[in-house]
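Number of protein chains: 2
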Amino acid sequence: MADVAEEKRIVVAVDEGDESMYALTWCLKNFVSPNTENTLILVYVRPPPPVYTSLDGTGYLFAEDMMATMQKYSEDLAESVMERAKRIYQDFDNVKVEKKVGSGDARDVICEMVVKLGADVLVMGTHSYGFIKRALLGSVSDYCAKNAKCPVLIVKR
Amino acid sequence: MADVAEEKRIVVAVDEGDESMYALTWCLKNFVSPNTENTLILVYVRPPPPVYTSLDGTGYLFAEDMMATMQKYSEDLAESVMERAKRIYQDFDNVKVEKKVGSGDARDVICEMVVKLGADVLVMGTHSYGFIKRALLGSVSDYCAKNAKCPVLIVKR
Chain C
1 MADVAEEKRI
11 VVAVDEGDES
21 MYALTWCLKN
31 FVSPNTENTL
41 ILVYVRPPPP
51 VYTSLDGTGY
61 LFAEDMMATM
71 QKYSEDLAES
81 VMERAKRIYQ
91 DFDNVKVEKK
101 VGSGDARDVI
111 CEMVVKLGAD
121 VLVMGTHSYG
131 FIKRALLGSV
141 SDYCAKNAKC
151 PVLIVKR
Chain E
1 MADVAEEKRI
11 VVAVDEGDES
21 MYALTWCLKN
31 FVSPNTENTL
41 ILVYVRPPPP
51 VYTSLDGTGY
61 LFAEDMMATM
71 QKYSEDLAES
81 VMERAKRIYQ
91 DFDNVKVEKK
101 VGSGDARDVI
111 CEMVVKLGAD
121 VLVMGTHSYG
131 FIKRALLGSV
141 SDYCAKNAKC
151 PVLIVKR
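Residue numbers (UniProt numbering), protein chains in the order written: chain C, 1 to 157; chain E, 1 to 157.
No copy labels: a pair is met if it fits in one copy or bridges any two.
Pairs of lysine to aspartate or glutamate, EDC-like flavour, derived with a Cα cap of 20 Å:
(1) K149 to D108
(2) K100 to D120
(3) K29 to E7
(4) K149 to E19
(5) K116 to D105
(6) K146 to D18
(7) K29 to D120
(8) K156 to D142
(9) K99 to E16
(10) K156 to E112
Keep in mind that the hints were calculated from the coordinates and are not lab data.
Bear in mind the structure is a predicted one, so any value in this text is a computation, not a measurement.
Whenever a hint applies, use it, and build me the whole structure from the sequences.
Printed below as a string of structure tokens:
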């Protein structure tokens, strides 16, 4: 028999959307076999912090305050996404899980992480990362399917 | 443990290019586990026969002759692609293989076949189906990633 890869590092990009949770579930059922030494790596990308310019003293204070709030919100969001993912993967035995949270443009961060993490495959849902961002920047999954330096599995609902 | 899917029907779109053979190899090594009841379905799509109009008797005869030659060429090509694929999958034990040859626009035919064959996943290389056709019609894999009614795995070299 030909040489079959023993261990796979499977990166799943997760976000707030149901699509990515569906992709995670599909991936666990069909790809991450519990009998092998596969590692599931969940990647969540926070949007970059907004840049504010201060036109006066009051504005500056307001911006600093608001940025702290948004930072907190962004951290809570990351935590809640990982929590939701956990409720899915904890039903599967013997799955090694790692979690990574990045920050920036999801398209670039995911493509960079795939290299850094030595991913064997990247799994993504479609329609990730919000309606408006998608309209402005194009689909994250389209971009990664073209540019990520590993095979990309697009799971649609 | 959660319910893990037992049998998968894995469709791999193959063509004349090295990309698709690489995708097939990757898929066999990483996705089609020899211990399960997975079925590998190779799909090859022949281009549709060209349409000739006959302006005179001689032209008509010529066109008929040429179409027969092209038909033969197209059949030989399909056979050689499947033969090449066989040299890859025969190294893997216990893999059930089915082969399907379609005809028409690869993008539509693959998306239709995925439904008809009850595919659990579609595996494709990128840059399939020739330089000129890609320039004219766009990438087959891009189209299928967006439109196929099942998860799509894009394997790049």
